[in-house]
Amino acid sequence: MREVEKWRSGKVEEVGLVPRRSVARRRGPAVGSFVLLLGTLLSAQVTPDRLVRAADEAQNWLTYSGGYFSQRYSPLKQIDRSSVKNLELKWILPNQVFGAWQSTPLVVDGVMYVTQRPNDVLALDAKTGRVFWLYRHTPSPDARVCCGSNNRGVAILGDTVFLGTLDGRLVAIDAKTGKALWNVPVGDPRLGYSITMAPLIVKDKVLVGTGGGEYGIRGFVAAYDAKTGKEVWRLHTIPAPGEPGSETWKGETWKTGGGSIWLTPSYDPELNLTYWGVGNPGPDWNPDQRPGDNLYTASVIAVDADTGKLRWHYQFTPNDPYDYDSVQIAVLADITWQQKPLKAMLWANRNGNFYVLDRASGKFLLGKPFVKVNWMSGFDEKGRPLQTPQPAGQPTWPGNQGGTNWYSPSFSPRTGLFYVTAWEDYATIYRREFQEYVPGRVFGGGGGRQLLPVPGAPGVRIGRTTPINNWTDAAGHSSVIAIDPNTGASKWKFAQFDMSDSGVLTTASDLLFTGGREGYFYALDARTGEMLWKASLGGQIANGPITYMVDNKQYVSTISGNSLITFGLRD
Amino acid sequence: MFAARSAAQDHGQYTQTEVEAGARVYSSQCSTCHGPNGDRVSGIDLRRGQFRRAVTDEDLARIVTNGLTAEGMPPFKLQPVELTGVVAFIRAGLDANTPSIRIGTPARGKTIVEGKGGCLSCHRIGAVGSRAAPDLTDVGVARGVDMLHRSLTDPSSGMLPINRPVRITTTGGRTIIGRRLNEDTFTVQLIDDKERLHSIEKVEIRSMVVETKSPMPSFAGTLTADELADVVAYLVTLRGQP
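Listed in order, the protein sequences are those of chains A and B.
With my numbering applied, the first sequence covers 1 to 571.
With my numbering applied, the second sequence covers 1 to 242.
Warning: the hint list may mix true and false statements.
[Said to hold, decoys possible] Dumping the calculated SDA-like pairs for lysine to any residue here, alpha-carbon to alpha-carbon at most 20 Å: (1) Lys534(A) <-> Glu201(B); (2) Lys534(A) <-> Glu204(B); (3) Lys534(A) <-> Asp184(B); (4) Lys534(A) <-> Val203(B); (5) Lys202(B) <-> Phe497(A); (6) Lys202(B) <-> Leu532(A); (7) Lys534(A) <-> Ile205(B); (8) Lys493(A) <-> Asn470(A); (9) Lys213(B) <-> Ala474(A); (10) Lys213(B) <-> Asn470(A); (11) Lys493(A) <-> Phe186(B); (12) Lys85(A) <-> Val203(B).
[Claimed, not checked] Here's a subset of chain B near chain A, in silico, CB distances under 10 Å, partners left out: (13) Gly49; (14) Pro161; (15) Val188.
By construction, these hints were calculated from the structure, which means they are not laboratory data.
Think of the CB as a built atom: it goes at the ideal place given N, C-alpha and C, for glycine as much as any other residue.
Given the sequences, and given the hints that come with them, work out the whole structure.
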């Protein structure tokens, strides 16, 4: 009995030391409590109503961005500025697949759902990291993705988990068994359509969009009936002739206009609007082939959640020749703006500007660079950027990967600050060339090379693939920047030596968690940027950290290299 | 949508070094069949990115490595850096943007490097020479012809940031002079002028000075143009293979 108590108190390292007979004796109560635990864990279904209040369910992480407003802010505060130094490793889940692991896990009442390359879903005990089931979808050989076999996560409704796949399909999976319930085509992989984003559930629908901006797709967002997989509505991100916005395309160029979607939208239940960031026009780097503004590429679109009707749009980078996309997370926040309450949308764009929009109307309220910018010099009164294209062979700031990219920012209602991972001192010299469209093939139209301090020096890669940084900060570096939405000014910066593709998490104890390519995982003071704690995890952190609670204990999870790593306070 | 792809796939963003490495491989191995403009094989225009089978950069790398023996393309056993380089060069539209540098005779260059040039008193090639300056064993893969020439004639302008001389004074009063092997936000790894390895936590550093002036002398005045061409020719042959 004494030994059983040991086991239950979590001293698992002693299990291997005791005689076999004792281990067998332990199983009785252990299995019993496990079944009991599982019963409570999976009893409560994730209703649409719970999703509306997801951000208030402190113990859980129910959507990709932690709630419909995509603030990645948790009300949890057990881990705080004084206890954070007592964080210790609780468990590691190693991935068997190489490549950047960009997934944000969900946590639902003690069960974690995480995706791994190429299209696996794992359900595991969020307290121990032990796996309940593994679902494996093998993408068709027709699947083509420009930028790696990425998948960023799943959505959940009721007892069903929803996965988008690299071969452009949407799959419903039983949350308790890991068995597929339905599997429907969304886009044709032979033409470059793929899904890398975590879907979003709104009411009884699964909302998803497709990647493929490098293959001359005609992008779209769509809603599927969560029960049957039947398509309910579809809205193209590139309008057809006659539709509003079609005047921004010449001739047939709209057919290969791009406009991919690779991140989960945000949602305002009161306005019933979903907000989607739309990717680059096709071909990426040769605007000569697609004169016009190329709506709705490099834009945010506000789409009615029930009907799929476009309500408004704002274009960040008209006729985008830099592949800036606008594929970031729309962060929604109710803030005080010039002494009045505002339903705001906060957006740090890949083009280097921080924006505040009125999310009810789409009205442009503020745009201000958060990194060096020379592709534009300011805005007109409607918020259209005054573009200043650089001469051929001259560098453009920010560089091709942008001032920021797909990784998630955070907004803390407590500090009122917006936090984003930014790439600084980084520029690209662009090159454009004619590109013929061939279905299913890359439709790039040029490219670019990074501006480097010495010709031939190593540059910053898209991801980190080596433990040695031989490009140094001379090739650029990242900072987490805290931005005051009312002014666009930065309140503080936390600089790293290398780049970072890590998302940001904030908590009600005014902690900020983030990582970077060097494999450090940080807890910062969200008010000052002071570093309070760090762990050297080794592998690049290229996902958004999350926090959750099981049995009244708070955990923080991140992914470093090929490992999902979870920390908690020392018992 | 070019975000976070694997190294072999970022065709918009290869480094100039890689493109140049690829240009060298291309001119010696690929252009015989594909031609200088990459359009000599029917149905394929490498310069314009038109292929029969390949879609991704990984496809290109695989085809180069495995060949398409049924269609007459042999497999090529390249170093990883060279393979990435060939793909980079193809994705750069076969344009290395490299100035032309005269190349002399490698054997004569070797004699100069090991003799009157005195290069090995600071540099190392294979098992011979000093470790004080960067190892040159694979410099022919790492650097282009023009940059080798530039490093010989104007060392500071060709010096890579990682090779910049570093002088560190620790809070304990120690001074370390060397060059960096690696660095991150909180630590720096160095080899010092006595060939010792150091890993130092930045909290223990009082001052760290990174010089942009190279300690290497220019050989513009001490070697003739012919001798420089010979040295470059020899350095190009250094590809890390003993």
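Cross-check of the supplied hints:
no., hint, result
1, Lys534(A) <-> Glu201(B), "14 Å, holds"
2, Lys534(A) <-> Glu204(B), "17 Å, holds"
3, Lys534(A) <-> Asp184(B), "14 Å, holds"
4, Lys534(A) <-> Val203(B), "14 Å, holds"
5, Lys202(B) <-> Phe497(A), "12 Å, holds"
6, Lys202(B) <-> Leu532(A), "16 Å, holds"
7, Lys534(A) <-> Ile205(B), "19 Å, holds"
8, Lys493(A) <-> Asn470(A), "24 Å, violated"
9, Lys213(B) <-> Ala474(A), "15 Å, holds"
10, Lys213(B) <-> Asn470(A), "18 Å, holds"
11, Lys493(A) <-> Phe186(B), "16 Å, holds"
12, Lys85(A) <-> Val203(B), "18 Å, holds"
13, Gly49, "7 Å, holds"
14, Pro161, "4 Å, holds"
15, Val188, "9 Å, holds"
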